[in-house]
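Novice: The chain contents come next:
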Amino acid sequence: MSLMSEEGLRVDGRRWDELRPIKIEVGVLKNADGSAYIEFGKNKIIVAVYGPKEAHPKHIALPDRCVLRCRYHMQPFSVDERKNPAPSRREIEISKITREALEPALILEDYPRTVIDVFIEVLQSDGGSRCAGITAASVALADAGINMRDLVAACAAGKVGGRIVLDINDEEDKTGEADMPVAYLPNLKQISLLQLDGKLTLDEYRSCLDLAIRGCMSVYSLQRDALMRRYFASEVDV
Amino acid sequence: MMMAKRSSIIVEHLKKMQMNELLAKGKRVDGRGLVDYRDLRIETELIKKANGSAMVSLGNTQVIAGIKVELDEPFPDTPDKGLFICNAEVLPTASAYAEPGPPDEDAIELARVVDRGIRESEMIALDKLVLISGKKVYAVFADVSVLNTDGNLFDATSYAVVAALLTAKIPRYEVKDDKLIVTDESITLPINTVPVSVTMARIGSSIVVDPTLDEEACMDARITISTDEQGRVCAIQKGDSGTFTIEQLEYAANIAVNKGNEMRALIKSLCKLG
Amino acid sequence: MREFRKYVLPGDVIVENNPHVKPSMNVVKIDDRIHATRVGIAEVSQNTVKVIPLSGIYIPRVGDFVIGKIIDYSSLAWTVDINSCFMGYLLAQEVFGREFTPSRDELTSKFNLGDVVACRIVNFDRTRDPLLTVADKDLGKIGDGELVRISPTRVPRLIGKRGSMIQMIEQLTRCKVIVGQNGVIVVSGDRDARSIVVKAIMLIDEEMHTGNITQRVKELLGGAYQ
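Protein chains in written order, with the working numbering: chain A, 1 to 238; chain B, 1001 to 1274; chain C, 2001 to 2226.
Only chain A is shown next, with the shape it has when bound in the complex:
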């Protein structure tokens, strides 16, 4: 089946540079210190942040800064074929890169000898869930009041049906030629996550990265909206 129609529309009717519909809500879990819920296309992900808090066991604590821990975990019913609840190698890898994408944004030196836990639960997955998870986690961290240098916005671009396109869904991921997830600190203009699955020429790699960053900036404006809505009744200056 063709991934790109004659009019340049993709399987779900999107243009090459169009994001899937995104919805972000802040402060959705009562017990967590910070939380967020995101719908990114068909992805449905909820994130809880606990911390800073005491380190248990004590030996994992560092004397001069906070330790960040991330867990990306998928619900058994989140994918087409039921997934075993135990963590898979894929989830462990994504947990690690998520932590590494968020760390540069956090001012961990402000909280010595403590731990911050980020729990990302994927309720439904449809391609790009790691980017959606990082995006929601960044908002949840801000909701928790952790000192941050910047927010982190994430989005993937890739090559599908011969064209460089933005924000790959599950179907495009399975049959496309390349998938490049990117996480970006929008004010500091720095990239904290970059992966590639597939084959791209150097030119294609540059366009793909460029497109992904533009996607991240669009995602960033939605993160801002969500935080503004939650914290400030109106967007008017005080």
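Mixed in with the good hints there might be a few duds.
The calculated lysine-lysine pairs, modelled on DSS-like cross-linking and capped at a C-alpha distance of 30 Å, are [said to hold, decoys possible]:
1. C:Lys2199 x A:Lys58
2. C:Lys2161 x C:Lys2006
3. B:Lys1259 x A:Lys30
4. C:Lys2006 x A:Lys23
5. C:Lys2137 x A:Lys30
6. C:Lys2141 x A:Lys53
7. B:Lys1015 x C:Lys2141
8. A:Lys53 x B:Lys1015
9. A:Lys96 x C:Lys2006
10. C:Lys2050 x A:Lys189
11. A:Lys96 x B:Lys1048
12. A:Lys42 x A:Lys23
It is worth saying that the hints were derived from the structure and are not from the lab.
Note that this is a predicted model, so its numbers are computed, not measured.
Chain A is already provided as a structure; the job is to place chains B and C on it using the hints.
Specialist: Just chains B and C, lined up with the frame of chain A:
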């Protein structure tokens, strides 16, 4: 995953004093009567990739259940019955005390009690889930996860699995020459009855229905009783290290049937099943 | 430099290219730009820029009055949950006096698990947990009242300029309201009056940043008594 161990939650003595003063008058800290449930909300069919799903909130306790139905071989000793497997997890998002890792004894008890309540009531007609006797049956996997805890995980998770099962859709298969052919048709699961679990906590000499986390931290003992539409008791679990008298258990059983009927009607209407 | 206030999110640039303005609370200077590090209200004055945060846990400060809960004890000290990422410690010697001996003096005779205690932070730095004292007359175990928790970022608003908000609440309801800097509050007084006070406190917690909060609190409290 460790649930909040009662010993690890020290309740402020001011809260305990207030709770006991109110209980003596038949009232609770949040204004409820002794046998009242908190606000129950159910949203179904929210996870399209699952065959069935339900997000339930009971007060501030929030859980999500998903149903995945696959085709499998039946167990050798029951060649004419489909499969029902139920799992429950307390996610580390649920509270500051819940940690990631393999389920601990509290989480395992939760999973087994939810499973028992549904299995023993025979909610799903497993004999109607057979496609080819001895070879291919529907296997119904129910997975429920606690997103946020404020007490009474037993009832919240049970209601979520029940709601998800009631609103689940599975593809209908046809059998031709010993082969299975999938049709476009979607059918619901064959349901015999709707079991409802009612959990109560004994605090001193008072028995309260649907305890909050604070009430559970102050309770002496807990009991969960599941009943079916005929008012029969299908599963019981007494929990925690306190005790009950025979009279208290008699009282609890009556509450379970009456409150159970009320909650059953509410669950059905929230699932838009009348 | 014009003074102004505005809503900010982490990463937002508040001031740039201005060497006279010094970064104060909850901001970070990177190159020549000063960024907010929290969700909050940025306040820029003649020579400083800071952000008043709208969320975040309580970070202890020496001198703060806090309300904590006894959650553990050893033979030498009580562990106090002060609603922070750091546990507070109250030394037995502090409470029993210099002649304290673990073999003779039983900690539970003074404070027990679950006791709500008003304390002050006497010592805290990056290398150790906060040390508490109960040595003043407004400190010690709180025997009666209703406990409320709010975000510690709301405490200044609840207290008000020179205590104006808290005094208004106490006068209108004849309740006593003890406010810990750590966001833990105890309200004592007549039962019905108490629940109105609790409602008023929750209102401030939810809607601190909206314009007419003082007016709305007054209406809420006045309504019960008119």
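Novice: Checked against the structure, which of the hints given earlier come out wrong?
Specialist: Hint check: 1, 5 and 9 fail, others pass.
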